[in-house]
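As a plain string of letters, each chain reads:
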Amino acid sequence: MQPKPFALRIFDIAAILVLGIATYLALTAPTERVMGEVQKVFYFHVGTAWTALLGFILGGVFSVIYLITKNLKWDKFQVAAIEVSLVFFLITIVLGSIWARPAWNTWWTWDPRLTTAAITELIYIAYFMLRQGIDDPDRRARFGAVYALVGALSAPITFFAIRLFRTIHPVVIGGTNPEADGGFSMTSDMLTAFFFALFAFSIIFIDLFWNRIRLGDLQEKVEQLKLKISM
Amino acid sequence: MFFQESTPDTSGYMIAGYTVAFIVMALYVASIYVRSRNLQQDKALLEDIQETAPPVQMAAKPETRKRASNSAPNGTGKPVTKKSRKK
Numbered sequence: 007m008q009p010k011p012f013a014l015r016i017f018d019i020a021a022i023l024v025l026g027i028a029t030y031l032a033l034t035a036p037t038e039r040v041m042g043e044v045q046k047v048f049y050f051h052v053g054t055a056w057t058a059l060l061g062f063i064l065g066g067v068f069s070v071i072y073l074i075t076k077n078l079k080w081d082k083f084q085v086a087a088i089e090v091s092l093v094f095f096l097i098t099i100v101l102g103s104i105w106a107r108p109a110w111n112t113w114w115t116w117d118p119r120l121t122t123a124a125i126t127e128l129i130y131i132a133y134f135m136l137r138q139g140i141d142d143p144d145r146r147a148r149f150g151a152v153y154a155l156v157g158a159l160s161a162p163i164t165f166f167a168i169r170l171f172r173t174i175h176p177v178v179i180g181g182t183n184p185e186a187d188g189g190f191s192m193t194s195d196m197l198t199a200f201f202f203a204l205f206a207f208s209i210i211f212i213d214l215f216w217n218r219i220r221l222g223d224l225q226e227k228v229e230q231l232k233l234k235i236s237m
Numbered sequence: 071m072f073f074q075e076s077t078p079d080t081s082g083y084m085i086a087g088y089t090v091a092f093i094v095m096a097l098y099v100a101s102i103y104v105r106s107r108n109l110q111q112d113k114a115l116l117e118d119i120q121e122t123a124p125p126v127q128m129a130a131k132p133e134t135r136k137r138a139s140n141s142a143p144n145g146t147g148k149p150v151t152k153k154s155r156k157k
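Quick note, the sequences are listed as chains A and B, same order.
Using the working numbering, you'd call the opening residue of the first sequence number 7 and step up by one each time.
Using the working numbering, you'd call the opening residue of the second sequence number 71 and step up by one each time.
Derived from the structure by calculation, the hints contain no laboratory data.
All values derive from a computational prediction rather than experimental measurement.
Note that beta-carbon positions come from the ideal geometry of N, C-alpha and C, so glycine has one too.
Hints are supplied without guarantee of correctness; some may be wrong.
Straight-line C-alpha distance at most 25 angstroms; calculated DSS-like pairs for lysine-lysine [unchecked claim]: (1) Lys79/A <-> Lys113/B; (2) Lys10/A <-> Lys79/A; (3) Lys232/A <-> Lys113/B.
If you want the footprint, here are the derived chain B segments under chain A, 3+ residues with CB under 8 angstroms [to be verified]: (4) 80-92; (5) 96-109.
All chains should be built: construct the whole structure from the sequences, respecting the hints.
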């Protein structure tokens with residue numbers, strides 16, 4: 007494997023730093039009066055959700071580019087974006103469930119937002135299972151691209167689910183109804199922690215995405231070597 | 071919950087949430103590291119196999135030369151047949 011580029015090393019360090027700062031800001035943000043300390047998981051919950059949904063859409067964009075160019079580089083990018091997003095979205099769902107227990111008095115409910123989120127996560131778990139089942143790299147990339155393109159539709163559906171359907175999940179970004187159940191306003195400290203968390207998870211996403219692309223490069227080299235030797 | 075007078079103590083849930091978030095992220099970073107290390111080992115092994123492969127082919131060459139010389143002991147380079155033996 008080629009040595010890590012200097013810029014990636016910088017990103018590695020920056021990712022650790024911003025994660026530490028985001029945690030500090032989240033934990034020292036004012037405590038919400040009704041829900042108490044558990045509301046502080048909100049900063050990581052939204053930060054990971056935002057980057058994960060963008061990552062799924064990014065995976066769809068890479069799929070389109072792959073289908074046009076047939077260049078396997080875009081397949082690697084697609085896999086990297088989706089894998090990191092899958093991990094982030096798992097954190098989102100688990101944090102949401104932990105937050106729901108004291109707020110809604112249940113770990114899970116089949117609310118439109120929670121249901122679409124669970125379906126999105128399952129769609130992308132199936133994506134990796136599908137890829138595992140195909141040996142030919144071109145065929146795997148083609149199938150993966152079509153699947154990821156269709157799967158990417160689940161990201162906007164999840165995002166807009168709370169805006170389109172009647173739900174108990176609060177609308178944080180771009181909510182139009184201030185009197186909606188579960189809506190809440192934030193103080194300036196809360197807003198700082200919130201926007202910094204969005205920034206921090208964007209940096210962490212880029213760092214992990216880049217590292218995952220390098221892993222994909224290495225996988226490709228090993229596959230090529232295996233093919234050469236078997237011939 | 072919405073008619074309560076005091077803020078409930080939900081710090082346990084908060085700690086659980088952050089712990090899970092950090093554990094999942096740490097596991098993912100570890101998985102990237104482990105997969106990368108395994109692939110590097112595979113790559114090194116495959117490169118070794120590839121490097122050792124040419125001498126095996128070289129060893130096969132003298133044998134074929136030997137067979138060729140056996141097949142044409144008359145120095146003509148043609149295979150030995152009944153006709154050439156009579157000559």
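Verification of the hints:
no.: 1; hint: Lys79/A <-> Lys113/B; in the structure: holds, 20 angstroms
no.: 2; hint: Lys10/A <-> Lys79/A; in the structure: holds, 18 angstroms
no.: 3; hint: Lys232/A <-> Lys113/B; in the structure: holds, 9 angstroms
no.: 4; hint: 80-92; in the structure: holds (count 9)
no.: 5; hint: 96-109; in the structure: holds (count 6)
Of the hints listed earlier, there is not a single one the structure fails to meet.
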